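Novice: Build out the structure end to end from the sequences listed, making use of the hints.
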Amino acid sequence: MSEAKVYTAPAMALRTALTLLIFVVLFTGLLAGAYQWTRPAIEASLLAEKMKFINEVLPAGSYDNELLADTLSLPPTPELGLKQPSTVYRARRGGEPAALVLEAVAPDGYSGDIRLVLGITADGDITGVRVVQHKETPGLGDYIEPGKDKNKEQPWISQFAGLNYPQVADAEWKVKKDKGRFDYRSGATVTPRAVVGAVHKAVRFAVTHRQELFAQEGKP
Amino acid sequence: MAHYLFLLIGAVLVNNVVLVKILGLCPFMGVSKKLETAYGMGAATTFVLTLATGASFIIDHYLLIPFGLEYLRTLSFIVTIAAIVQLTEMVIAKTSPMLQQVLGIYLPLITTNCAVLGVPLINISHSYGFMESLLFGAGSAIGFSLVLVLFAGIRERVDGAEVPLPFKGAAIAMVTAGLMSLAFMGFAGLDRY
Amino acid sequence: MISREEFRSIAHNGLWKQNTGLVQLLGLCPLLAISTNMVNAVMLSLATILVMALANVAVASLRNLIPHEIRIPVFILIVAALVTVVDLLFNAWFHQLYVILGIFIPLIVTNCIVLARVEAFAAKNPALHSTLDGIFMGIGLLWTLALLGALRELIGSGTLLAGIEMVIPGASAIQVLPADYPGFLLAILPPGAFILLGCLIAWKNWLDQRAAARERARPASPATPAEPAGEASPAPAG
Amino acid sequence: MEIVTSPHVLKPVSITRVMGQVCLALLPGIAVYSWLIGPALLLQLGIASLTALAAEALLLKLRGKPVSPFLMDGSALVTAWLIALTFPPLSPWWLTATGVLFAIVIAKQLYGGLGQNPFNPAMVAFAACIVAFPALMSQWPAQGLSLSFGQQLEVVFGLAPRIDALTAATPLDAMKTALKMDGVHASVQELLANQTLYGTFAGRGWEWVTSAYLLGGLFLLWRRVITWHVPVAFVLGLLLISGLCWSLDPARYADPLFHLFSGGAMLGAFFIATDPVSGCTTPRGKLIFGFGAGALAYLIRVFGAFPDGIAFAVLIMNLCAPLIDLFCQPAVFGKKKEAP
Amino acid sequence: MELLIAIAVMALGAVVLGAALGYASIKFKVEGDPIVEKVDAILPQTQCGQCGFPGCKPYAEAIVKGEAEINQCPPGGDEGVRKLADLLGKEYKPLSAEHGEEKPKAVAVIREETCIGCTLCIQACPVDAIVGAAKQMHTVVESLCTGCELCLKPCPVECIDMVPVPETLDTWKWKYPVIEIKPAEGRKAA
Amino acid sequence: MLQKLFKFKGGVKPAYNKHQSVGTPIATAPLPSRLVIPLHQSIGGTPQPVVAVGDKVLKGQLIGAADGWISAAVHASTSGTVTDIGPYLVPHPSGLSIDCVVIEPDGEERWIERQPLDYRAMAPEAVRTYLQQSGVVGLGGAVFPSHAKLTPSRDVPMEELVINGAECEPWITCDDLIMRERAAEIVSGIGLFRDLLQPKRVLIGIEDNKPEAVAAMKAAVQTAGEPFEVLAVPTLYPAGGAKQLIRVLTGKEIPAAKRSTDLGVQCFNVATAWTAWRAVAHGEPVINRIVTLTGNAGKPRNWEVLIGTPMDQLLPLAEPAPDTDGVIMGGPMMGFLIPAPDVPVIKATNCLIAHSPTLFPPKPPEMPCIRCGECARACPQELQPFELYWWSRARNFGKTQEYSLFDCIECGCCSYVCPAHIPLVQYFRFSKSEIWAREKDKKMAEGAKDRFEFKQYREEREKAEKAEKLAKAAAAQAAKKAAEAAAAAGSEASPAPPADDPEAAKKAAIAAAMARAKAQRAAVQPRNTDSVSPDQAEEIAAIDARRQQAGLEPPAPSPEPAPAAAPDGKEA
Ligand SMILES: Cc1cc2nc3c(=O)[nH]c(=O)nc-3n(C[C@H](O)[C@H](O)[C@H](O)COP(=O)(O)O)c2cc1C
Ligand SMILES: Cc1cc2nc3c(=O)[nH]c(=O)nc-3n(C[C@H](O)[C@H](O)[C@H](O)COP(=O)(O)O)c2cc1C
Ligand SMILES: Cc1cc2nc3c(=O)[nH]c(=O)nc-3n(C[C@H](O)[C@H](O)[C@H](O)COP(=O)(O)O)c2cc1C
Ligand SMILES: Cc1cc2nc3c(=O)[nH]c(=O)nc-3n(C[C@H](O)[C@H](O)[C@H](O)CO)c2cc1C
Ligand code: SF4
Ligand code: SF4
Ligand code: SF4
Ligand code: SF4
Ligand code: FES
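Chains as they are written, first to last, in numbering that gives the first Met the number 0: chain A, 0 to 219; chain B, 0 to 192; chain C, 0 to 237; chain D, 0 to 339; chain E, 0 to 189; chain F, 0 to 571.
Please note: incorrect hints may appear among the correct ones.
[Said to hold, decoys possible] Below, a list of computed lysine to aspartate or glutamate pairs in the EDC-like style, where the Cα atoms sit at most 20 angstroms apart:
id : chain 1 : residue 1 : chain 2 : residue 2
1  : A       : Lys51     : A       : Glu65
2  : F       : Lys441    : E       : Glu36
3  : B       : Lys32     : F       : Glu401
4  : E       : Lys104    : E       : Asp127
5  : E       : Lys56     : E       : Asp127
6  : A       : Lys149    : A       : Glu55
7  : A       : Lys200    : A       : Asp112
8  : C       : Lys16     : E       : Glu90
9  : E       : Lys172    : F       : Asp440
10 : E       : Lys172    : E       : Glu78
11 : F       : Lys442    : E       : Asp127
12 : F       : Lys431    : E       : Glu166
13 : F       : Lys441    : E       : Asp85
14 : E       : Lys56     : F       : Glu452
15 : A       : Lys173    : A       : Asp124
16 : F       : Lys442    : E       : Glu36
17 : F       : Lys441    : E       : Glu141
18 : F       : Lys468    : F       : Glu458
19 : A       : Lys200    : A       : Asp177
20 : E       : Lys37     : F       : Glu452
If you're looking for bench data, these hints aren't it; they were derived computationally from the structure.
It should be emphasised that the depicted structure is a prediction, and the values quoted were computed from it without experimental measurement.
Specialist: Here's what the structure looks like:
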């Protein structure tokens, strides 16, 4: 740009617009190409992520249907602590209802919501509970995440697996400090209370509504 | 109404962009040596950030989502922001030499302030509506300006202290920012009710 | 082509003298936000290196075509496009990390170093130099970030390389400190990030100041090796 | 030529004396507190003092400063004592030591030592530790627990296991968590009826400790070590906002008196918020500082995530102090509006 | 198809923004740079050229353009560098050694007996501090001399000396208070 | 008449230590063997010596004439011979020497001719000049020429005249004694000031720890029948500071940026009034003053001392104890240690305190400020000394000014109360000197810049003028050539004289103009063409060729580009 040409404003506008246009087209093209190229891989990753949690709460061999395809949309459900619609995954074995995977929220964690996924068999057995997202104090309340729990053999969250709802009475769904059956780590009882409460409610919901939940026509 | 209030408190104090979200640090460190410059940068950033959140909401909701082009967010947001900044700069330079004197050298820096891109992206990840986005943007900007000015106040004072030589300058400023961030942790939980 | 001297100076600048994190104080946000552990830190810096190198090449080769008035928007456009590509790549192949690094991948765009280098170096230098500059600046960032990440992880939880399994499946974290180490959580939280980076900066200053003091002392009296001046630099009170 | 300048006479005062008076004023509180808690408190004071002096000496030496005059000034001791008094008395020894190290090294000496730190060192230590070790920092000896000195020693030095029965949340914390778990306890009144935990006007036993601090604070006022501005404004801030909440919903919010004599309120008002170094210095600034600290302390202890808010409130006000002072500059002689 | 939509959407944005920017860049053009003046005001106006520029103003211009570092002016000293750093928001650097050191202020004095009145020094002095006519003895007006030393070289008989300015009651300054606790003094020197 | 007193904030109460020296009346000090009279003894211009070495002088004879309006004359304190005029150490904290007139007394004490002045019959202007010539300066400490202070403001009517008999500094008692013993003359002097300033009221402020002085002054005022008010003010250092006393007596606060006359007040020390009256009523210029000798001394007392008396000849009168290790001139709050024992007494010397480690223990080491605010509470100027200290220590002088450094009166209250033992006043003096020095540098730089720019402009102009001259010469030559050519042509074609031929004349003019342009170009040929490398020369040639092609230059007398220009360039 050795010679300084004098442009009028509209001419300058045109010139800049065109230059920018060329670059934008060039790079958007590049980007769009990259997007097309990576899309399959991204979709696969997303799927894998979903399956990871589901596999943790529901053993992969316990059903034979296409779990991700057999879903049901739930409206916001206060029993599950949910203020937003959620998805229920329905596991079937040989066409018979086998288990439900559902989302729940414990709204009274120490620092806000604790999001959970639960697997519950048609008989009310809990196959697993996992924390998907929480903001509990690291090092104090975060032992509900199995990865953060110091007890690697028997993470705190694993004590739900195998319990059956009607068999474990309503009064027992409490931490030991409140005369229930669940362990807690000292100095942090708010978090386990919240989780236990949420799991309790969710199981109760699943058990009382299991008929409708399996029967309802879902959107695949 | 209370929802909006808590959103604002959250954005300004509890989830302060700089001290908690750790965004916008470069200008935070760069233009906090003197109070006057901090005022200038704060004002400029508040203006641009609020505008940017509004603009990106519109772009996202009326251009990108309808066409399924979410992957173009970064690109379109940042180009828009850069253009807003440059336009603001030119307009200010022409219309208000006074303001230009104050804000002049900071305006271009705003483009590279990651808070300006980060806040719109956070808005989207929280799926805020237009009012919420705007409020969150403004709140973040106010939070940014607030800590910038407070930081500048402390830095001016620490400037006169007998800080050990290796810590003079940026190092002690970092430590100060760390202690500020520690103090701000005290706000934790105040955005709930 | 590039001379040995130039290469050395670019490398020295990037790795030490103009280190982005410790000297230029640019690109601090990812540096502090993502350095909660070493793996995150390294992965984000790798992404940044990639973007910086590519951006510098692109700008340096296109620099003559870009009109001056809109150079900033165009630079940003280039960087943003490259960043989004990297973002997509992470999403596709390092999905877990992608989730953890969160908005900090798109934020490489505004990462001031990228733009600063593009504007300060690539816009004025040929492509090969610029690429090297980008890479070395990036490596400078990498080691700083890795060191900071390692420190924070070690002090905060007593381990190193937590989360390595996301990158190398099967690998696992190393427990460095005894398992009953209580973990000084502060190091992992934002205050710890700031304070430790402050200490790193001071450490670099201290090394530089000691080197400078040696340099000054040498011509005068070569026989003063055990000079205490460096280690306890008194405040400049007088 | 060294210039010996005017004035040639000085008032017989010194920093050592000022700090000594602060320590003296802390004694009634320490006495009542250790009577309540047991000798572990004295142990903590010892650990903190030793660590503080050692750290201060080491850092001064590293920085090439003279050690003895600065050790003698007594400020490290004040910091150490305040840390020992605000940390749970049965904290493991290393927790106290870590806090003191953090205070002396990072919050104080990195800024050049005495008089130059923008943040209150003791409160930096408290905040850093409660964030880093929330569990340990929110456990206090359970009510009615009586351990022999030997047992306390064992707990502090980690020789005995830290059993749950040993510790409990403080009255403040207990009230907050109880109210958070809606439905268990209906109202503050119901809670306060719990005679083992709550006394006549605040936490059982604690009320006498805080009263002793008040006494010490009055001594400081009388000796003119501190001015009335900060304590009065602090108490006012706490009273006003707690009174407001209380009058809005007495079932959910405890009365102002409870808050005034709970937790670290009195210690904060007279000993912590009054730290001259990190606080405001102008009279109007001090009023704002104290009021802000009192109000924030209430907000944080009642609505926030921590058992007590004094530390964070003071740190936040420390942050604002330079600006507050800037805007509260008193008018210089002759520059006021108009002479009468 | 998607690719085309993407390009179209972005192109629309590009055209709008580009046009706005281009238009504004002409409409809102401003000239002049007040910063040079501010920088020049900080420089000591000794006009000695030690910075490598033919005077303070050119150096000021170079600083603002980013062509020169801020630590090249020895007469301005450490404090000058600090002021510049403050003004321009840059990091302070110590004076660059290659441009010389900060010296105590001195003035030129012409040895009267040796001076041959060649006027060369008059021409060299950038601030007209030397008076005298051709073939007459010259004198330096002490109060005008900035101590730039530019007159030393041209003098064919080397009759100009730089003499440190003596302290008088007018120029005497109260000293920085002696810090009395100072075992650190020895180390400070190291 | 009851007068309401006001209060000022701050202030301190150091031990008075006044009783030692008030027991005995003022005595006259013996004539010293030598008098060293500094020429510069008051604020303002340095008086010029009007005597030469070897001159005989009389007591009261002018030896230094005032230099400008803010300056006061200096006189011989006794009769004798001028033995030297040159730099001697003076009592100044700098320890520097200034020009002094040394007189060897002849012991005769022969006065100049002294004449009382009927000042009421004179124009006020003349009275002021007379006071200036008599060397009357403020004896309260600031030694500001009094005649200047006796000039009322043009637009603010004078309301109060404040007479300062507070004497708030510990140890000093010279004003106390002069009020006790010479109250009548002081009151007459105050009358003189009143007549010059025409204030509505005259207020005499005396600290209430000097009841005898208050009584003496009251009696004298009554005797004189003057409407002056004598007021006992609370004893609180620095109640004697002009601003503080004015505040206490009138409620007015004088800001640093204003003169007190702007608020209709003026303040004088009692001793100043006395010297002024001596000058007017007896024709005696200021050649002596009352000095308190006290401190670590066996016989503390007030002495009437000749200006110029070496202190080592004076101090033995008080019989200082053997452990005396220095002398403080002034009080313990504001005074300074004299740099040498033999420095002379000057007009500002109100008190000499024998210094000993027991009376004035060495200061404890300075600690960092803990911002306790004691200093701010003690500061009578309501400053924030710790902020001033913070920024002075960091050498951030801009900030010190933001905190009103120049409002500080250096009273020392802040240092007195500081628990960290910080020599605060010293920091403030340091900052003030640095700021003044910087301001001086700045002025200097501005001047240098102007001169530099002027020089550049002048060089430009000279260059242009030279080029012009060259061009003119060239043009003349060209014109001549053209004329010749024309003449030749004319002689061939038509014998008409060239002037008649408009065509030819025009051509000649054009040729001349072109030549001028060329010469100009040559003249401004850049210097750097005089040492060109071969390829540069080539380049220049190429450029010239291009120019020719473009028709910018007549090709005909193609100049040798570089070499031809070189000598020109050098000469220019
Ligand atoms: C900073 C901080 C963070 C805390 N975080 C948690 C938490 O995440 N989860 C939890 O249950 N308790 C947490 N607590 C502890 C609660 O305050 C409370 O003391 C405890 O839950 C009461 O439990 P206890 O019944 O075991 O005494 C935290 C305390 C502090 C001071
Ligand atoms: C005498 C004393 C009594 C205390 N009583 C209580 C209490 O009743 N409840 C409580 O939560 N904390 C109590 N603490 C701890 C304080 O609440 C608080 O954690 C500590 O004083 C530091 O608080 P701050 O740093 O927020 O000022 C007490 C501390 C002291 C020194
Ligand atoms: C701190 C301070 C204390 C002073 N104390 C006295 C004093 O006690 N008596 C006095 O006459 N002047 C005192 N002065 C000097 C007065 O401010 C003022 O200069 C003097 O009264 C003016 O009178 P003069 O011009 O006649 O000296 C003091 C000044 C200062 C700054
Ligand atoms: C009235 C008073 C209150 C103080 N309060 C504190 C305090 O809260 N925390 C602390 O670390 N030091 C305190 N100190 C001691 C000292 O001022 C402090 O350590 C400085 O901040 C160290 O520079 C106090 C001192 C005084 C005189
Ligand atoms: S070195 Fe400094 S004084 Fe000398 S010319 Fe350059 S800027 Fe001016
Ligand atoms: S006299 Fe010499 S030293 Fe002084 S300003 Fe002129 S050229 Fe510079
Ligand atoms: S009295 Fe001394 S220690 Fe106290 S604030 Fe003033 S200067 Fe600082
Ligand atoms: S010396 Fe200055 S700052 Fe100190 S008390 Fe006196 S007026 Fe105030
Ligand atoms: S990286 Fe620079 S502002 Fe965030």
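Novice: Hints first: check each against the structure and report whether it holds.
Specialist: Cross-check of the supplied hints:
1. A:Lys51 - A:Glu65: holds, 15 angstroms
2. F:Lys441 - E:Glu36: holds, 15 angstroms
3. B:Lys32 - F:Glu401: Holds, at about 17 angstroms.
4. E:Lys104 - E:Asp127: Since the Cα atoms of Lys104 of chain E and Asp127 of chain E sit roughly 18 angstroms apart, the hinted pair holds (cutoff 20 angstroms).
5. E:Lys56 - E:Asp127: holds, 17 angstroms
6. A:Lys149 - A:Glu55: holds, 19 angstroms
7. A:Lys200 - A:Asp112: holds, 15 angstroms
8. C:Lys16 - E:Glu90: Between Lys16 of chain C and Glu90 of chain E the Cα gap is close to 14 angstroms, so the pair holds against 20 angstroms.
9. E:Lys172 - F:Asp440: holds, 14 angstroms
10. E:Lys172 - E:Glu78: holds, 17 angstroms
11. F:Lys442 - E:Asp127: holds, 16 angstroms
12. F:Lys431 - E:Glu166: At roughly 17 angstroms apart (the allowed maximum being 20 angstroms), Glu166 of chain E and Lys431 of chain F satisfy the hint.
13. F:Lys441 - E:Asp85: Holds, because 18 angstroms separates the two Cα atoms, which is no more than 20 angstroms.
14. E:Lys56 - F:Glu452: holds, 10 angstroms
15. A:Lys173 - A:Asp124: holds, 18 angstroms
16. F:Lys442 - E:Glu36: holds, 16 angstroms
17. F:Lys441 - E:Glu141: With a Cα-Cα distance of about 16 angstroms, the restraint between Lys441 of chain F and Glu141 of chain E holds, given a limit of 20 angstroms.
18. F:Lys468 - F:Glu458: Holds - the C-alpha atoms of Glu458 of chain F and Lys468 of chain F are around 15 angstroms apart, at most 20 angstroms.
19. A:Lys200 - A:Asp177: holds, 17 angstroms
20. E:Lys37 - F:Glu452: Holds, at roughly 17 angstroms.
Checked against the numbered hints above, the structure breaks none of them.
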